[in-house]
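Student: One letter stands for each residue in the lines below.
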Amino acid sequence: MCGIVGFLRTRPSATADHPLLQRMIDAVAHRGPDGQGLYLGEGAGLGHARLSIIGLAAGRQPMANADGTLHVTFNGEIFNYVELREDLIRRGRRFRTDSDTEVILHLYEEMGTDCVKAMNGDFAFAIWDERRRRLMLARDRMGVRPLFYAQRDGALFFASEAKALLQVPGISAELDPVALDQIFTLWFPLSPRTPFKNVRELPPAHVLVADSGGMRVKPYWRLSYPDADDAGAWDRRAAEDIEAELRALLFDATRIRLRADVPVGAYLSGGLDSSVVAAAARRFVAERLRTFSVTFEDAEFDESDHQQTMVRALGTEHTALPCAKADIAAHFPDVVAHAEGPILRAAPAPLFLLARRTRAAGFKVVLTGEGADEIFAGYDIFKEAKLRRFCAREPGSRLRPLLLRRLYPYLPGLQGQSQKYLEAFFATGADELGDPLFSHLPRLRNTAAAKLFYSAEMRAELAGYDCLAELRESLPADFVRWHPLNQAQYLETAYLLPGYILSSQGDRMAMAHAVEGRFPFLDHRLVEFAARIPPALKIRGLREKHVLRAAMKDVLPPSIGARTKQPYRAPDAQSFLGREAPAYVSECLSNAALRHTGCFDPKAVEKLVAKCRAGRAMGFRDNAAFVGILSTQLWHRAFAPAGALSPLTPYAVA
Amino acid sequence: MQSEIARQIREFIADNFLFREDRADLSDTESLLEAGLIDSTGILELVAFLESHFRIRMADAEIVPENLDSVQAITAYVTRKMGETAAAA
Numbered sequence: 001m002c003g004i005v006g007f008l009r010t011r012p013s014a015t016a017d018h019p020l021l022q023r024m025i026d027a028v029a030h031r032g033p034d035g036q037g038l039y040l041g042e043g044a045g046l047g048h049a050r051l052s053i054i055g056l057a058a059g060r061q062p063m064a065n066a067d068g069t070l071h072v073t074f075n076g077e078i079f080n081y082v083e084l085r086e087d088l089i090r091r092g093r094r095f096r097t098d099s100d101t102e103v104i105l106h107l108y109e110e111m112g113t114d115c116v117k118a119m120n121g122d123f124a125f126a127i128w129d130e131r132r133r134r135l136m137l138a139r140d141r142m143g144v145r146p147l148f149y150a151q152r153d154g155a156l157f158f159a160s161e162a163k164a165l166l167q168v169p170g171i172s173a174e175l176d177p178v179a180l181d182q183i184f185t186l187w188f189p190l191s192p193r194t195p196f197k198n199v200r201e202l203p204p205a206h207v208l209v210a211d212s213g214g215m216r217v218k219p220y221w222r223l224s225y226p227d228a229d230d231a232g233a234w235d236r237r238a239a240e241d242i243e244a245e246l247r248a249l250l251f252d253a254t255r256i257r258l259r260a261d262v263p264v265g266a267y268l269s270g271g272l273d274s275s276v277v278a279a280a281a282r283r284f285v286a287e288r289l290r291t292f293s294v295t296f297e298d299a300e301f302d303e304s305d306h307q308q309t310m311v312r313a314l315g316t317e318h319t320a321l322p323c324a325k326a327d328i329a330a331h332f333p334d335v336v337a338h339a340e341g342p343i344l345r346a347a348p349a350p351l352f353l354l355a356r357r358t359r360a361a362g363f364k365v366v367l368t369g370e371g372a373d374e375i376f377a378g379y380d381i382f383k384e385a386k387l388r389r390f391c392a393r394e395p396g397s398r399l400r401p402l403l404l405r406r407l408y409p410y411l412p413g414l415q416g417q418s419q420k421y422l423e424a425f426f427a428t429g430a431d432e433l434g435d436p437l438f439s440h441l442p443r444l445r446n447t448a449a450a451k452l453f454y455s456a457e458m459r460a461e462l463a464g465y466d467c468l469a470e471l472r473e474s475l476p477a478d479f480v481r482w483h484p485l486n487q488a489q490y491l492e493t494a495y496l497l498p499g500y501i502l503s504s505q506g507d508r509m510a511m512a513h514a515v516e517g518r519f520p521f522l523d524h525r526l527v528e529f530a531a532r533i534p535p536a537l538k539i540r541g542l543r544e545k546h547v548l549r550a551a552m553k554d555v556l557p558p559s560i561g562a563r564t565k566q567p568y569r570a571p572d573a574q575s576f577l578g579r580e581a582p583a584y585v586s587e588c589l590s591n592a593a594l595r596h597t598g599c600f601d602p603k604a605v606e607k608l609v610a611k612c613r614a615g616r617a618m619g620f621r622d623n624a625a626f627v628g629i630l631s632t633q634l635w636h637r638a639f640a641p642a643g644a645l646s647p648l649t650p651y652a653v654a
Numbered sequence: 001m002q003s004e005i006a007r008q009i010r011e012f013i014a015d016n017f018l019f020r021e022d023r024a025d026l027s028d029t030e031s032l033l034e035a036g037l038i039d040s041t042g043i044l045e046l047v048a049f050l051e052s053h054f055r056i057r058m059a060d061a062e063i064v065p066e067n068l069d070s071v072q073a074i075t076a077y078v079t080r081k082m083g084e085t086a087a088a089a
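Going down the list, the protein sequences come from chains A and B.
The C-terminal residue of the first sequence carries number 654 in my numbering, and the numbering is unbroken.
The C-terminal residue of the second sequence carries number 89 in my numbering, and the numbering is unbroken.
Quick caveat, the hints were computed from the structure, so don't treat them as lab data.
Don't take every hint at face value.
[As the list claims (entries may be wrong)] Here are the simulated lysine to any residue pairs, SDA-like style, with alpha carbons at most 20 Å apart: (1) A:K451 to B:S31; (2) A:K420 to B:A61; (3) A:K451 to B:A14; (4) A:K420 to B:I63; (5) A:K611 to B:K81; (6) A:K553 to A:T309; (7) A:K451 to A:L471; (8) A:K451 to B:L37; (9) B:K81 to B:F49; (10) A:K420 to B:V71.
Whenever a hint applies, use it, and build me the whole structure from the sequences.
Tutor: Structure, rendered in structure tokens:
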């Protein structure tokens, strides 16, 4: 794991390349504190900040091939590099190191840009092919590792984080209003858009090739599900056979994710998924497994009891990090600077602190349970959608809506509702049944309610823009033929997962402290296998992740195996109020500061702050708005202190 | 008196759900749910406000959109409840 940067010029530049490349490396140095390297060729440069995990002595980067015509800078891991290397050696290839980096060079020599198809891993890399004068950028299938790029004066610049691109003369931070509107609807900008107007991301599972013929971005893999009525496409085997294969795949995905020349720890949330991963890891690790978790004072968020159950069951050496509201507030400006965009939740902050604690304990690598809720259907939104569809099919039924009360048992605000209001919140017009976004409409509506705080300028900028229409247009052609559960899973797995979970809550928080997260559930073999499992095995009745529980029942304590999903959440707006609130909160939310950035209506924000300060109940909309507004202000402070709202960029789909 | 009740309710909604001053006035019959102004916590806030401010007790069965989904509906409900409370006293 590391930070990578670089560029390709098509014409000579007055900028001195060496100092520029060095500044870009320095901007992502937190990702790789173990060493730096750079390569400068004719019109191209690659830089690297190294976190050494595999091939400690020989893995220096940028690395060249034997004749010095190929150069690679690489962030991440190719987990199947051992098998790939053996295969390449069998075909007569000679290796100088035992690193996974060298495997990339050999694979590229054999397969060209198709080399990514052979890789099982979490990666972002750049290869400079001097002979062809061609730059290739690539990103892993699920979007674990980040990669951003920007064009300026006929040159292409790329980096693991946008902050490195801001070192390039002429590239400055301007907030893209459309990106902000997408965040205030979806929680993240729609790839390849980023909060920075001049910066694009390379979408997950894509390669970018740039040479004298121009620049091309194309997918090499995509998530797909069987057509709902194509009986032959589903995994029709007996449930026990599917469970056995699931277990075997998950164990293997965990096994290859333990490959490292440094010790590997694990995050333990107390939920099913991280417990499964920790239990799987225990089978392959001879030493006592080292685990880490966050705890909260507030019982609404805390999962200590379940964490301790797993610690006892697995006999791990455990560190629990108590996270207070004041800790969230104290570190939130750093969190936004690392996330590089407005966020609607404070939930990344505890993970930022957990990574710091993990690193202090001497660990550079942790396994987590991320991805299980997406690929095995664990989120409440899947059950909610199933119930809403069930109710909408029989609009007169008095009994069906009673089931709504079974949703969200951990949300006091919903549990206190009368039946009539519950029905009103989840009500679905018959016309909405055909909407491809059906499963997510209540959440999208609730989030978008926070737009209430937009300034008049912001609303004028966005007049006529419809974020949901853009999302619908971006869906793949076969989406309409999928089972409703798979449609909802796709919206989570292809959008929210890379757009928010793996980035703002994942890579950016862990790599702020040079800690690499590894996610067995996101092994693409497991993802492809899970896509073909019949929906009825994933959610049985209203029991989520049924097939995963069944497959893992022998390796988990019964109390964990039977646990209902409790989503990871942290205190939001309440973290930033109260008497000990840091000064930046009032500064950022002041009338003058809000006018300066221009995104929000200062008077309306003042009322929101007054309401929060008064300690009155705050719902989803108010929390999302508060954290979203504060983080937008902090984003400006971190990246564009002089900048106000920039003019609208065209949002037509390219 | 009913117009005074309506004014106080409108003010509470403006400060707690509506926030913005430049928004076209919320009409007294507009649905709070449809306008996206109220969510599940909002209902609980509204109930807490009505109970403390107007000194009424709301039964669970009364917490329904028919009573609470517009300024007009809330005003009518509160007026009726205050009448009952006064009669009982």
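Student: Indicate, hint by hint, whether the structure satisfies it.
Tutor: Hints, one by one, checked against the model:
Only pairs whose Cα atoms come within 20 Å are accepted, and A:K451 paired with B:S31 is accepted, the gap being roughly 18 Å. Restraint check for A:K420 and B:A61: satisfied, since their Cα atoms lie roughly 9 Å apart, inside the 20 Å limit. In summary, the hint linking A:K451 to B:A14 is supported, as the alpha carbons are separated by about 16 Å, within the 20 Å threshold. For the hint pairing A:K420 with B:I63, the CA-to-CA distance comes to about 8 Å; that is within 20 Å, so the pair holds.
A C-alpha spacing of about 27 Å is found between A:K611 and B:K81, which places the hinted pair above 20 Å, so the restraint is violated. A C-alpha spacing of about 15 Å is found between A:K553 and A:T309, which places the hinted pair at or below 20 Å, so the restraint holds. The straight-line distance between the Cα atoms of A:K451 and A:L471 is roughly 18 Å, inside the 20 Å bound, and the hint therefore holds. Note on A:K451 and B:L37: the hinted pairing holds, with a Cα-Cα distance of about 11 Å set against a maximum of 20 Å.
Straight-line distance between C-alpha atoms of B:K81 and B:F49 comes to about 14 Å, which keeps the hinted pair within the 20 Å bound. Annotation: proposed proximity of A:K420 to B:V71 holds, straight-line Cα distance about 18 Å (limit 20 Å).
Violated hint for the displayed structure: number 5, the only one.
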